[in-house]
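J.: Residues per chain are reported as follows:
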Amino acid sequence: MKFTINGQSYDADPDVRTSVLDLLREHVGLTGSKKGCDHGQCGACTVLINGRRVNSCLTLAVMHQDDEITTIEGLGTPEDLHPMQAAFVAHDGYQCGYCTPGQICSAVGMLDEAKKGWASHVSDDLTTSDLSNEEISERMSGNICRCAAYSNIVDAIRDVAGADA
Amino acid sequence: MLGLGKGDTNSLTMDKPHPDSLLDSSVQGVIGKPLDRIDGPLKVSGSATYAAEYDIPDLAHGFLVRATIGAGKITAIDIDGAKAIPGVIDVITDYKTFLRNAQQGGETCAPAQGVEEIAYYGEIVAIVVAESYEAARDAAYRIDITYEARDGRYDFDAHKGEAEKPPEGTIPPYSKQGDVDQAMADAAYTVDALFTTPSQNSAAMEPHASIAVWDEDGALTLYGAYQMPSSDKQQLAKSLGLKADKVRIIARYVGGGFGSKLGIAPESVAAAVAAKKLGRPVKAVMARQQVFDATVRRSNTEQRLRLAADADGMLTAIGHETLCSNLPDEGFFEPTGIGTHFMYGGENRIITHDIVRLDTTLSGSMRAPGEAVGLLALEGAMDELAEKIGIDPIDLRTRNDPQQDPEKNVPFSSRQLTRCLEEGAASFGWDARTPTPASDRRGEWWHGIGVAAACRSNMLQPSAAKVSIDGQGKAIVETDMTDIGTGTYTILAQITGEILGLPIADVTVHLGDTDAPPGAGSGGSWGAGSSGSSVYLACEMLRNKLAKAMGVEAGAMTLKDGRVIADNRSVPIADLVGDGIEATGKIEPGKQEQDFTQSSFGAHFAEVKVNAVTGEVRVVRMHGVFTAGRILNEKTARSQCLGGMTFGIGGALTEELVHDPRNGKIVNRDLGEYHVPVNADVPQLEVTFLDERDIHANPIHAKGIGELGIAGAGAAIANAVYNAVGVRVRDFPITLDKLLDEMPAV
Amino acid sequence: MKSFTYEKADSLTAAVTDVSPTTRFIAGGTNLLDLMKLQVETPAKLVDISRLPLGDIEEMEGAGLRIGALVPNSDLAADPRVIARYEVLSRALLAGASGQLRNKATTGGNLLQRTRCYYFYDPSTACNKRAPGSGCSAMAGFNRILAILGTSDHCIATHPGDMPVAMRALDATIVTLKPDGDKRRISIHDFYRLPGDTPDVETVLERGELITHVELPAPPEGARQLYRKVRDRASYAFALVSVAGVVTMADGKIASAALAFGGLGPMPWRDEAVEAALVGQVPSDAVFGAAADALLKEAKGFGSNDFKIPLTRRTLIACLRDLTGAK
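Residue numbers (my numbering), protein chains in the order written: chain C, 1 to 165; chain S, 1 to 746; chain R, 1 to 327.
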């Protein structure tokens, strides 16, 4: 099968049961996306598929041969960090780092959703999308951080959202 | 100490105070600063390699198989169905060698082994090995095990009456002073309350994982997720019947531990045995459900907390008597009284711990073993006592702030609890709190504020590190010490850069490989102090070597930006080291730990809101004020406290590991139903460090910070809930059902 | 996960040709794959319907909305027409799961979401829903998240979703395509089945029958709508109790009331008796209490979920105050 990951074409021969997460980690050597629970309950596996944030553990590789998959490796490298990656470094938006790639991909996806005007569970008005701390927290609640870098993650995201505004 | 040539070691046993620290006389200006983590760019780009991510040729995938009864033994195991799955190589069982339990932190022997006997539901008994993860996982569900079940003990309440005194160990289970019963009878004010906390799970984001690779000489390299590689290596070697020098553990990046990765867990031996049998490397990653089932839990506790005070609010008695649970023949108990020994004064004291033997997952260390749940009781009882006496809860604590250790009668090495409470109160707006509960209603929410004190014992563990300066004048630090999110990479670079006068970019730190000098490991909040001290000592020796090369006394040098300045000369460090110099530093605890009681201290302030309709509790604000000696890096230390405080939110409000009382099976064995706090549960937390140096702790004058944040945090929240709605919940977590009945009708 | 044959459906008719009991449709996959990994679901064949032309939201005559079965939760919640006319639906969707899951979960799949019962999720335990006749481990076990209404001696599972609760309050109709080519329109009120002694049968769908659309009639003119979800943490958790309400007032009296409940029963729960206690009445706590009495008349706790009874009463009363403007 052929997959488009971070703008590059990859050949792989996964099992029909192989999740996108296991495709990345076990078949094409992209171990940046992490397995925290394998059941869509932690968000550590978050990648962008056609620009939308999804849990890569809960979708089959075979179903995504025509899609564009963006992983943490595609957002930036240590020598050339994406602004969200740089913000996480500056604000210490991590500790052990295991949930971090998922947090960053999710944050990038989330900012796009906010730009599209999507509201959240805590929005008083469903037609606007301001990014207060409360909004960022709610929108990022699908990414568990046990080290609990949450306060710094919110600061990092607000930093980038503000710069984008 | 002054040495020449390679292989020189600078050892220090902390028998005496160490008043002068090179970290204060150095001028590079990196210590203490909130520097970005040096491993940060790797972590944010997905380039940090965790245990399951090493690209090993010819790797086979292992999936673990669990037992599905609570107690008994295996009589037969049918693997034919599993082996018939395409891609499956074998189903490996080694009843004798497989770990029955995980091991406790710091042990150097093997844990309980032998899995023909089933000690608890979920025990790992076999491993399927296959060419693909999917085939191994599929086959694991096709294994048919026949058991001979026996009656088990699963219900804590039913077996409470049979609790046993734990064996004597490093932490004494019983201690007694004076007569608490009499003091309670004579007191002007008393509190006698029962607190209960449930089992909990560390739930680190990275599931336990091991890749086992054997070489032709029968030596094992294990890529794993470990907090304490030096002792883990010994545990693993003993488990496999190997000499320790035949085992190498690599744990360069660890996706969280919080106690669960202090000792080895079943997947390590399963992978090693399978790899040996197959003659191929085997990777075994625990499913999240298996992490819940088969790695350590924090024990549940039932704690009787008694306080007696005289008419002036001075404590005359403290009683802290605890029941916890563990498997038979296990010595570990949750040391809930560990901070109670020295937090407050009071003549008459009893602090005891007893174990109820249950056939459920092994109890062991989870972040701040003891204080995390013990202070829920002590600090809750203090809140109740303050109300009974009619004085401010902060006032009660500061009145009873002892000048020296109330049991050992030795001084504290450094203690600023009162200052933490007072400065925190001012900053949090404590005066705006209405002491009468249920008096701050805003719309549908009752608001309340609470306070609690925090303490966490400080200790040193033996730790070694090698520091070298290469021919280009760059420093390299090597130790098997770990960074589990604690910031070790960065603080060791900062200590090195500060003492040797090097910019951080010129310091490389290698961690987590047992080929390097043995470090203290990450646990008990001792990591930074212990490992940092070993690096300090190595750098001190290097400094002396540079002085000798420079021809001056060490005290006459200034090291800055890669240059050595003395005697009107300024020489690049590279010119003084030839092909390179190196030194090893070793720290050991000593008499300072007996001559002084050493602990970090702090104060937690929390504001909560409780929904008047549903009883849902949400944290509105939280502020921790902490003193932990020298703060090595303000940014990473703050993060450690954010983490601890959030664990405190979980312990107070959301976390409960439920065992089915019929068979001990963990019921909520995934992250969907074991509720760790999510982002929306946690407001923007505030952390303040007050300035402090501790010359008795170690040469870097730092105390532990990793667990201080959780100690007392939950109590501040519980006390805030009481202030909000006037309902005192002593059974944690404080879920809405525990408030509903006692709240006013809607 | 057991292996399976994978087939991508390239047309609607092709999608419904297989009536084997071991064939499943897969769209978002967020519930199905979750269960397949645990071998709770073990299909022999997956028919991938994710590229079928069922992703639109269209106006219907009479100001209703027709929602394609493949519309993801996120897009449905964010649609301006849904926000403007069916606020309860948007709110219910936003209260569910996480951003990532909402981006993938589809309308059709979400209706069919299976229970989160701890024992259903563990194949080593007795579970009549997973393995009919094997027993129920939850009744005498830990049942905090399980049902207090609509239970049977065989099963006390709850339906965990949020979107379906709002849809039940909105009188949704589920449109399907059957293998014989017929279309079926099933009221959501008739879509789910009580467990009885066959808790493994959760809906009236036949083998091979595919949900293609959900139709929402126009909501009552001037209705107040709300969705309230009560849970054990602030986000990313299933409801202990949830309430979806659509209420209209006229002349100071309740003119219409549609109330559906999550977390209480094996399907989104709706009870005419509750609404009968409200319609025509002047709003008051006594009236709201009577509605709660009606709802909870047959409510039964199983030990760890007894609290849901007072919790539901309190939550319903507060919701009715909001919906009727009474304070």
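Bear in mind the hints are in silico, worked out from the structure with no lab data behind them.
Note that beta-carbon positions come from the ideal geometry of N, C-alpha and C, so glycine has one too.
A couple of the hints might just be wrong.
Just so you have them, the derived chain C footprint on chain R, three or more residues with Cβ under 8 Å [unchecked claim]: (1) 19 to 31; (2) 72 to 83; (3) 86 to 94; (4) 156 to 168; (5) 194 to 204.
Across the chosen pairs, the derived CB separations fall in these ranges [what the hints assert, rightly or not]: (6) Pro78/C <-> Gly181/R: 52 to 60 Å; (7) Pro78/C <-> Gly62/R: 52 to 60 Å; (8) Thr4/C <-> Ser11/S: 56 to 64 Å; (9) Asp306/R <-> Ala432/S: 50 to 58 Å; (10) Gly303/R <-> Ala76/S: 45 to 53 Å; (11) Asp55/S <-> Tyr6/R: 56 to 64 Å; (12) Gln472/S <-> Gln8/C: 53 to 61 Å; (13) Glu131/S <-> Gln8/C: 48 to 56 Å; (14) Arg207/R <-> Glu131/S: 55 to 63 Å; (15) Gly29/S <-> Asp66/C: 34 to 42 Å; (16) Pro167/S <-> Val201/R: 53 to 61 Å; (17) Pro123/R <-> Pro411/S: 57 to 65 Å.
J.: Could you check the structure against the hints above and give me the numbers of any it violates, in ascending order?
T.: Hints 4, 5, 9, 10, 11, 12, 13, 14, 15 not satisfied by this model.
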